[in-house]
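Chemist: Assemble the whole structure, with the sequences as input and the hints as a guide.
Each protein sequence line maps, in turn, to chains F and Z. Just so we're on the same page, the working numbering is the position in the first sequence counted from 1, plus 1290. Just so we're on the same page, the working numbering is the position in the second sequence counted from 1, plus 1290.
Some hints here could point you the wrong way.
One copy or two, either will do: identical chains are not told apart, so a pair holds if it fits within one copy or between any two.
[As the list claims (entries may be wrong)] Think about it this way: if two alpha-carbon atoms lie no more than 20 Å apart in a straight line, the pair counts; the simulated SDA-like pairs of lysine to any residue are:
no. : residue 1 : residue 2
1   : LYS1423   : HIS1297
2   : LYS1322   : SER1345
3   : LYS1470   : ALA1498
4   : LYS1306   : ALA1498
5   : LYS1306   : GLU1497
6   : LYS1322   : TYR1353
7   : LYS1306   : PHE1296
8   : LYS1317   : HIS1297
9   : LYS1649   : ASP1567
10  : LYS1306   : ASN1495
11  : LYS1306   : PHE1294
12  : LYS1649   : ARG1445
13  : LYS1317   : LEU1346
14  : LYS1519   : ARG1475
15  : LYS1314   : HIS1297
16  : LYS1519   : ASP1500
17  : LYS1470   : ASN1293
18  : LYS1306   : ASN1293
19  : LYS1306   : GLY1548
20  : LYS1314   : PHE1296
21  : LYS1583   : VAL1598
22  : LYS1314   : ASN1293
I should point out that these hints are in silico values taken from the structure, not numbers from a laboratory.
2 protein chains.
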Amino acid sequence: MDNFRFHIPTEIIFGKGTHLEVGKEVKKYADKILLVRLAKESLERIGVYSDIIKSLEENGISYIELDGIVPNPRLSKVREGVEICKQNNIKFILAVGGGSVVDTSKAIAAGSCIDGDYWDIVEGKTPFVDSLKIGTIITIPATGTEMNTSTVITRDEDSLKRGFNLAHPTFSILNPELAKTLPKRRIAQSVVDMLAHAMERYFTNTEAVDLTDRMLEGVMKTIVRLGPKFYHDGYDYQTVSQVMYAATVAHNFSLCVGRVNDFASHQIGHELSGEYDLPHGESLSIIFPSWLKYVRNHDSSRIAQFFVNVFGIENNFLDADETIDRGITALEAFYQGLGMPVRISQTNIKNCDIAKLAKQATNNGAITRGNFVTLNTEDIYKIYQGAL
Amino acid sequence: MDNFRFHIPTEIIFGKGTHLEVGKEVKKYADKILLVRLAKESLERIGVYSDIIKSLEENGISYIELDGIVPNPRLSKVREGVEICKQNNIKFILAVGGGSVVDTSKAIAAGSCIDGDYWDIVEGKTPFVDSLKIGTIITIPATGTEMNTSTVITRDEDSLKRGFNLAHPTFSILNPELAKTLPKRRIAQSVVDMLAHAMERYFTNTEAVDLTDRMLEGVMKTIVRLGPKFYHDGYDYQTVSQVMYAATVAHNFSLCVGRVNDFASHQIGHELSGEYDLPHGESLSIIFPSWLKYVRNHDSSRIAQFFVNVFGIENNFLDADETIDRGITALEAFYQGLGMPVRISQTNIKNCDIAKLAKQATNNGAITRGNFVTLNTEDIYKIYQGAL
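Modeler: Pasting the structure below:
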């Protein structure tokens, strides 16, 4: 177990009807805000647009609205938000939506505190020092961005998708009822994503991490059991509430304390989804099985432990390899059971330029990816190849 | 799963050598502090007294020292600390020690912000509104007080032991190396205590709490495996680091979000340890088996699940009762394997006045205890009786 510092300042406000508290919560920090949100029609379909506006107005909070955020959210929208905040002296952002809306808000909040462009922070030209305060109302359980510092933005001109750690939201409102109208495919993508966040933590070389191993297994077992229930049976408050909070916990950094994360699969997937505008979750269901096949000999005990303890695969004590074979089959079946692709050929991507992606993932070979197994451009090429 | 609010502002600074950072951390908040600590000789035996003083002095921090805190810490010491803080206009308390030292510090921090007496807060005569800031350096993994609001103080004159929720510490430094010289009996008491904190969360009637069930099981499995290893094999950094953080997580309220706690066993134990000055951990190893026997028919599925998933008891699918029988035997064996008593007769207590304790636990019948099963004076009398 490594030394660590751990601190989550975000206040979680969880449960039925909690979105109605938004005005009261925002009022603690600001009277004038930027409201970054899903399209008005989407929020009306969910049934919360007028509730949220009413709650803000009742608390005397004025707002400027910003929408039009797309999946794999774009830098151009961040720039637009920064401009509004600077021109109107706005110090608080309320994000209402999913990961794309919240990540855009985090980037706007950081970009509003520097003179230059947000991308300068990503490229290390300008240090990240300060941020406007952010509150969130989550409409989809998935990315965990509501309780962490992680932010992923894609640059419009070259589709370069890059993550960065910015500020924690000050508060996040999670009302499972808001996931009532979620389309099945979005549910599936989200389940893949939240499971992947825990998997990226689980595959580590750090020794003596039994405590976080067991807790991660607990979170993953819950996702593996209740995620498909949400997908197949549709909305049920008790199911969705657990899936929603599992998504938050899987990526709030509480389960990777004292251990090194991997996160190669995320980065390898980011290139695929940035370049071909593939949903993040689908890039992960494609990459993770291929990554596991590629790294399987690195620490077969840990990989077997994952499949036995999370997927309930019967352990073959004499042959870890055979356990892993059955495990990978089970993982692919899990993804496919959610209607998710496990190969690039199962998507709309034609003539996938995996050589370009592999170079991009490593900045033309300048950096390596992954901590569980260090991967160079050639390794990553082979992982894409295994996923074709 | 119930609605909840969740927020832990405490920053955890964990690992080897971290106590050396104390001066730098304190300096962010104050130049003058009250240093509430274990006896100087105890800290010298651990080997950190001069390190801590040096770190404070190098950062220009002046300090007034307060020691003499006993297990089941007393109100008189709280009053002494409040007097010092008020007279010297001290706004920050550094607590160096275990649960008793930190709880005393929390009570001093709250008591320093009111005109009356700390006990007025406990009795509801004065509302708890504000607190001085607190930093901690933990010398024993046990109570979890370093990352929560819980505080337990005993009134000198009548041994009345009462808990209250005050402020979170601002930061807590956890260096497992400081547990190097811990006596075996203290290790055992601590292991019982941290397991009990998770058990109090586990036994709930709240439905749809699979996520926190699985995470609690993960924490408890780790305690059940590594706690005895620490006790029997002695100090090993990797073992102790996990036990230490498990203690923190078991009681930082992150694993009881959206579910109702029980905590009857703690309260029933408090009367025993308050009245007869029995160590907190030993009151729990005595009370928990008797409590489980008394409430076993309330929700045999959950109790069987606990023993199967935490203690690895083989499930008898046809007869939960038989599973529970073997489970209670295993729990008692676990405690006894740590040299802990499981009956009052195994302690130095003579002529235990269980009628008095049962009345005291319920304020002469005015309140009931427990959420899993509600207990009145008579129920609690029978639980003491079963523990004789």
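Chemist: Evaluate each hint against the coordinates.
Modeler: Do the hints match the structure? See the list:
1. LYS1423 <-> HIS1297: Classified as both; 17 Å inside a copy, 16 Å across copies.
2. LYS1322 <-> SER1345: Close inside one copy (14 Å), not across copies (44 Å); limit 20 Å.
3. LYS1470 <-> ALA1498: between (41 Å within a copy, 18 Å between copies)
4. LYS1306 <-> ALA1498: This pair counts as between: shortest inter-copy Cα distance 15 Å, intra-copy 39 Å.
5. LYS1306 <-> GLU1497: between (41 Å within a copy, 15 Å between copies)
6. LYS1322 <-> TYR1353: Answer is within: at 6 Å inside a copy they meet the 20 Å cutoff, but 43 Å across does not.
7. LYS1306 <-> PHE1296: between (29 Å within a copy, 15 Å between copies)
8. LYS1317 <-> HIS1297: between (24 Å within a copy, 18 Å between copies)
9. LYS1649 <-> ASP1567: Answer is within; shortest intra-copy Cα gap is 18 Å, inter-copy 68 Å.
10. LYS1306 <-> ASN1495: Result: close only across copies, 19 Å inter versus 40 Å intra.
11. LYS1306 <-> PHE1294: between (35 Å within a copy, 10 Å between copies)
12. LYS1649 <-> ARG1445: Within. Shortest intra-copy distance 17 Å satisfies the 20 Å Cα cut-off; inter-copy 69 Å does not.
13. LYS1317 <-> LEU1346: This pair counts as within: shortest intra-copy Cα distance 8 Å, inter-copy 39 Å.
14. LYS1519 <-> ARG1475: Answer is within; shortest intra-copy Cα gap is 14 Å, inter-copy 47 Å.
15. LYS1314 <-> HIS1297: between (25 Å within a copy, 17 Å between copies)
16. LYS1519 <-> ASP1500: So LYS1519 and ASP1500 pass the 20 Å test across copies only (13 Å; inside, 29 Å).
17. LYS1470 <-> ASN1293: between (41 Å within a copy, 17 Å between copies)
18. LYS1306 <-> ASN1293: This pair counts as between: shortest inter-copy Cα distance 7 Å, intra-copy 38 Å.
19. LYS1306 <-> GLY1548: between (34 Å within a copy, 11 Å between copies)
20. LYS1314 <-> PHE1296: Answer is between; shortest inter-copy Cα gap is 17 Å, intra-copy 28 Å.
21. LYS1583 <-> VAL1598: Only inside one copy: LYS1583 and VAL1598 sit 16 Å apart there, 33 Å across copies, limit 20 Å.
22. LYS1314 <-> ASN1293: Intra 38 Å, inter 17 Å, cutoff 20 Å: inter-copy only.
The structure is consistent with each of the numbered hints, conforming to all of them.
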